[in-house]
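Asks: Here's the letter readout for the chains.
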Amino acid sequence: MKLFDKDFEEIFYSQILSLLGGLVGGTLLAIYTNQLLMLPGMLILLPGFLEMRGNISGSFASRLSSGLFLGVINPKKYNTRIIRGNFIASFLLVILVTLALGIVAFAFSFFIFGIYAIKIIPMALLAGLLANLIEIPLALYMTFYLFRKGHDPNNIMGTIITTTGDVISIISLLITMVLV
Amino acid sequence: MEQKIEKSARKHPAHRHLKKLQKIKRKHYHPIIHEIHKKHNISKKTLFYVKEYGPHSHIPQTIIRESLRILLFASLISSLGGLTLENIKNIFVTIVPLIVALPVINDMIGNYGTVISSKFSTMLHEGLVKTKWWKTSELRKLFLQIIVISTVTALLVSAMALAIGGLSNYFIDVSAVTKITLVIVFDVIILVCILFLMAVFAGLYFFRKGEDPNNFLIPITTSIADFGNMCILSILVILIF
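Protein chains in written order, with this note's numbering: chain A, 105 to 284; chain B, 102 to 342.
For the record, the hints were derived by calculation from the structure and aren't laboratory data. It is possible that part of the hints are untrue.
Residues from chain B that face chain A, not an exhaustive set, calculated with beta carbons under 7 Å [as the list claims (entries may be wrong)]:
#, residue
1, L172
2, L184
3, T215
4, V216
5, S219
6, Q246
7, T252
8, T254
9, L256
10, A260
11, I273
12, A277
13, K280
14, N316
15, P320
Glycine included, every Cβ here is placed at the ideal spot set by N, Cα and C.
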């Protein structure tokens, strides 16, 4: 069993990249902590919101990877039935999950802390859509690109999504906070 | 050249069977799967993927039906983690390097969850996982690789967090370095082990049920990573500090 192989390198270097991305995301969050905390329910929404991009875009990239490895998906064709279906499903999931996250954050704030923060629901929905408008096409493009270059997207995509997702999600939340 | 390959593939007798298989409703197991697998030596996993996302299936509906419940569950778990954030915040405020490390550790653990889940899903699809999963050499190798990488990266995070903490006037001595490093390294290793076991058991369960593990494993492992990270980290802080 060869432990230090290509897989090891791919996972290791993508983790190093993720460390830097995490620091950027953490710094961004630290800078705008006061603004984000101003809205009641935001701390309840935040972990689920940040995690959502991994759950939806990550599963999207993982499904594509399985299809690419099995030869069911052609790495040179973007406009196919399977990819369109995956795309639509991912966006519908974003709408449903962000709506649920918003409602849960609202419910917890209302029933536990006694704060009526209805604004958190449209904010979660809008920020989720905004973040995934960038995140999902990026996941599609990167999975295909990595596969065509001979890499295993399973080793790298998780990190790319988490790293870019932190920054994109926090910026989307900040933009939406100004809009709503 | 590619067109020639496509044409010859269409002439292949298995192509006709694959088309037939795609038309079968995805909920019903059909003996044709076994027949094609036997006769044309096409992996059952490929046949499963073709049937799951074939022309007769409604792809968005299939994905949403399989993913939605688990995603909602993951959201609820994360929101509960968010609720604990207020309590954790009070403890962390005094330990600056841990505040710096918190988002990085969260990302790292989530990444390992995604890598473990997606690689294990692909292993299942490719038929590499044996009945006694712990004897699967690819799986053992993956576990060792993740443990080595997570230990090294946890040490790196500790060093970076201590350096940034030092810059922000946090008092750093040998005791602080040891405690913070221990908290981060133990937290990462404990969570990686939990995630690995969760991914294996949940992956096998969903795969045996005839569902695509890709749709379940990542939400499960990342929500456990998020929630577990906050819980284990706070326990370790209470124990070590």
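Asks: A separate judgement is required for each hint: does it hold in the structure or not?
Replies: Each hint tested on the structure:
no., hint, in the structure
1, L172, "5 Å, holds"
2, L184, "6 Å, holds"
3, T215, "3 Å, holds"
4, V216, "5 Å, holds"
5, S219, "4 Å, holds"
6, Q246, "5 Å, holds"
7, T252, "11 Å, violated"
8, T254, "5 Å, holds"
9, L256, "11 Å, violated"
10, A260, "11 Å, violated"
11, I273, "18 Å, violated"
12, A277, "20 Å, violated"
13, K280, "20 Å, violated"
14, N316, "6 Å, holds"
15, P320, "4 Å, holds"
The structure fails hints 7, 9, 10, 11, 12 and 13 (numbered hints given earlier, in ascending order).
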